[in-house]
Amino acid sequence: EAQVTQNPRYLITVTGKKLTVTCSQNMNHEYMSWYRQDPGLGLRQIYYSMNVEVTDKGDVPEGYKVSRKEKRNFPLILESPSPNQTSLYFCASSFYPLSNQPQHFGDGTRLSIL
Amino acid sequence: GESVGLHLPTLSVQEGDNSIINCAYSNSASDYFIWYKQESGKGPQFIIDIRSNMDKRQGQRVTVLLNKTVKHLSLQIAATQPGDSAVYFCAEPHLLNTGFQKLVFGTGTRLLVSP
Chain A
6 EAQVTQNPRY LITVTGKKLT VTCSQNMNHE YMSWYRQDPG LGLRQIYYSM
56 NVEVTDKGDV PEGYKVSRKE KRNFPLILES PSPNQTSLYF CASSFYPLSN
106 QPQHFGDGTR LSIL
Chain B
51 GESVGLHLPT LSVQEGDNSI INCAYSNSAS DYFIWYKQES GKGPQFIIDI
101 RSNMDKRQGQ RVTVLLNKTV KHLSLQIAAT QPGDSAVYFC AEPHLLNTGF
151 QKLVFGTGTR LLVSP
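Chains as they are written, first to last, in the working numbering: chain A, 6 to 119; chain B, 51 to 165.
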């Protein structure tokens with residue numbers, strides 16, 4: 006089954022404790038992206054990746070890192086999480102360019118930073 | 051369930067009614083549009099898309115209409131069912147200064163279907 010898989014689905018942690026949210030897709034998509042979704046603010050892009058070893062900042066990259074060492078994986082790293090990073094996070098993937106087909110989304114990761 | 055937007059416009063309909071959800075877009079150069087459905091606790095799910103060389107596209111119980119003159123997109127759901135209750139987003143790719151594209155999402159509309 007074609008899918009985007011995120012882990013964990015839920016995480017409660019404390020300020021400053023490094024964490025990684027994994028994202029994996031099995032559709033051989035070259036484009037992958039991370040979004041955060043907050044009430045009243047909609048979906049905002051954090052980082053995206055055009056292909057292996059090619060990443061760039063989205064609209065809200067501060068406090069996040071990403072890596073793309075393999076085509077199927079695009080982990081989101083919070084080196085020193087803070088409470089303002091409490092949010093619902095989505096990973097998405099698609100072929101590129103984006104004008105040809107929709108992005109596929111994972112089911113989300115709910116992060117709570119205390 | 052999880053709230054994806056505390057101040058979303060809401061459309062309330064009765065089961066069996068037809069629903070129309072609207073979206074205005076800003077980029078007159080956009081050539082591709084997508085509708086997503088997001089149920090509580092889940093990620094956005096692709097429903098239907100349309101290219102700018104079309105005015106209308108039909109799927110199963112859904113129709114998307116595109117009016118390029120007024121930059122307006124609508125999603126019509128026929129015979130709405132309780133399972134259609136969700137937040138619906140439109141989205142379109144925008145070209146960045148880098149030459150890459152990004153997907154820009156509308157704010158969303160919450161559809162509530164009563165039995």
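Don't read these hints as lab results, they were simulated from the structure. From a predicted model like this one, the values you see are computed outputs, not experimental measurements. Just so you know, even glycine gets a beta-carbon here, dropped at the ideal spot from N, CA and C. Possibly wrong hints are sitting among the right ones.
[Unchecked claim] No more than 16 Å apart at the CA atoms, straight line, and that leaves these computed lysine to aspartate or glutamate pairs for EDC-like:
id: 1; chain 1: B; residue 1: Lys92; chain 2: A; residue 2: Asp112
id: 2; chain 1: B; residue 1: Lys152; chain 2: A; residue 2: Glu35
id: 3; chain 1: A; residue 1: Lys23; chain 2: A; residue 2: Glu35
id: 4; chain 1: B; residue 1: Lys152; chain 2: A; residue 2: Asp112
id: 5; chain 1: B; residue 1: Lys121; chain 2: B; residue 2: Asp81
id: 6; chain 1: A; residue 1: Lys74; chain 2: A; residue 2: Asp43
id: 7; chain 1: B; residue 1: Lys106; chain 2: B; residue 2: Asp81
id: 8; chain 1: B; residue 1: Lys92; chain 2: A; residue 2: Asp43
id: 9; chain 1: B; residue 1: Lys152; chain 2: A; residue 2: Asp64
id: 10; chain 1: B; residue 1: Lys92; chain 2: B; residue 2: Glu65
id: 11; chain 1: B; residue 1: Lys152; chain 2: B; residue 2: Glu65
id: 12; chain 1: A; residue 1: Lys22; chain 2: A; residue 2: Asp43
[What the hints assert, rightly or not] Facing chain B, from chain A, some residues (calculated, C-beta under 8 Å):
id: 13; residue: Tyr15
id: 14; residue: Gly47
id: 15; residue: Gln50
id: 16; residue: Tyr53
id: 17; residue: Val57
id: 18; residue: Pro102
id: 19; residue: Pro107
id: 20; residue: Gln108
id: 21; residue: Gly111
id: 22; residue: Gly113
Structure-based check of all given hints:
Proposed proximity of Lys92/B and Asp112/A is supported: the alpha carbons are some 5 Å apart, at most 16 Å. As the CA atoms of Lys152/B and Glu35/A are separated by approximately 14 Å, the hinted pair is consistent with the 16 Å bound. For the suggested pair Lys23/A and Glu35/A, the alpha carbons sit about 27 Å apart, so the restraint of at most 16 Å is broken. Restraint check for Lys152/B and Asp112/A: the C-alpha separation of about 20 Å exceeds 16 Å, so the hint is violated.
Among the hinted pairs, Lys121/B with Asp81/B is consistent with the structure: their alpha-carbon atoms are about 11 Å apart, no more than 16 Å. As the CA atoms of Lys74/A and Asp43/A are separated by approximately 29 Å, the hinted pair breaks the 16 Å bound. The suggested pairing of Lys106/B with Asp81/B holds, with an alpha-carbon distance near 14 Å, which does not exceed 16 Å. Between Lys92/B and Asp43/A the alpha-carbon distance is near 14 Å, which keeps this suggested pair within the 16 Å criterion.
For the hint pairing Lys152/B with Asp64/A, the CA-to-CA distance comes to about 10 Å; that is within 16 Å, so the pair holds. With a C-alpha separation of about 22 Å, the suggested pair Lys92/B and Glu65/B falls outside the 16 Å cut-off, and the hint is violated. For the hint pairing Lys152/B with Glu65/B, the CA-to-CA distance comes to about 36 Å; that exceeds 16 Å, so the pair is violated. In summary, the hint linking Lys22/A to Asp43/A is not supported, as the alpha carbons are separated by about 22 Å, beyond the 16 Å threshold.
A cut of 8 Å between beta carbons decides the hint on Tyr15/A: the least distance to chain B is about 10 Å, and the hint is violated. Proximity of Gly47/A to chain B holds as hinted, the smallest CB-CB distance being about 5 Å (cut-off 8 Å). Evaluation of the Gln50/A hint against chain B yields a held restraint, the C-beta minimum of about 6 Å falling below 8 Å. About 7 Å separates the beta-carbon of Tyr53/A from the nearest beta-carbon of chain B, less than 8 Å, and the hint is met.
For the restraint placing Val57/A at the interface with chain B, the shortest Cβ-Cβ distance is roughly 16 Å, beyond the 8 Å limit, so the hint is violated. Because the closest C-beta pair between Pro102/A and chain B is about 6 Å apart, less than 8 Å, the hint holds. Evaluation of the Pro107/A hint against chain B yields a held restraint, the C-beta minimum of about 4 Å falling below 8 Å. The interface hint given for Gln108/A holds, since its Cβ lies 6 Å from the closest Cβ of chain B, which is under the 8 Å cut-off.
Using the Cβ-Cβ criterion of 8 Å, the hint placing Gly111/A at the interface with chain B is satisfied: the shortest such distance is roughly 5 Å. With 8 Å as the threshold, the beta carbon of Gly113/A comes within range of chain B, its nearest partner Cβ sitting at about 5 Å, so the hint holds.
In the structure shown, a violation is registered for the earlier hints numbered 3, 4, 6, 10, 11, 12, 13 and 17, in ascending order.
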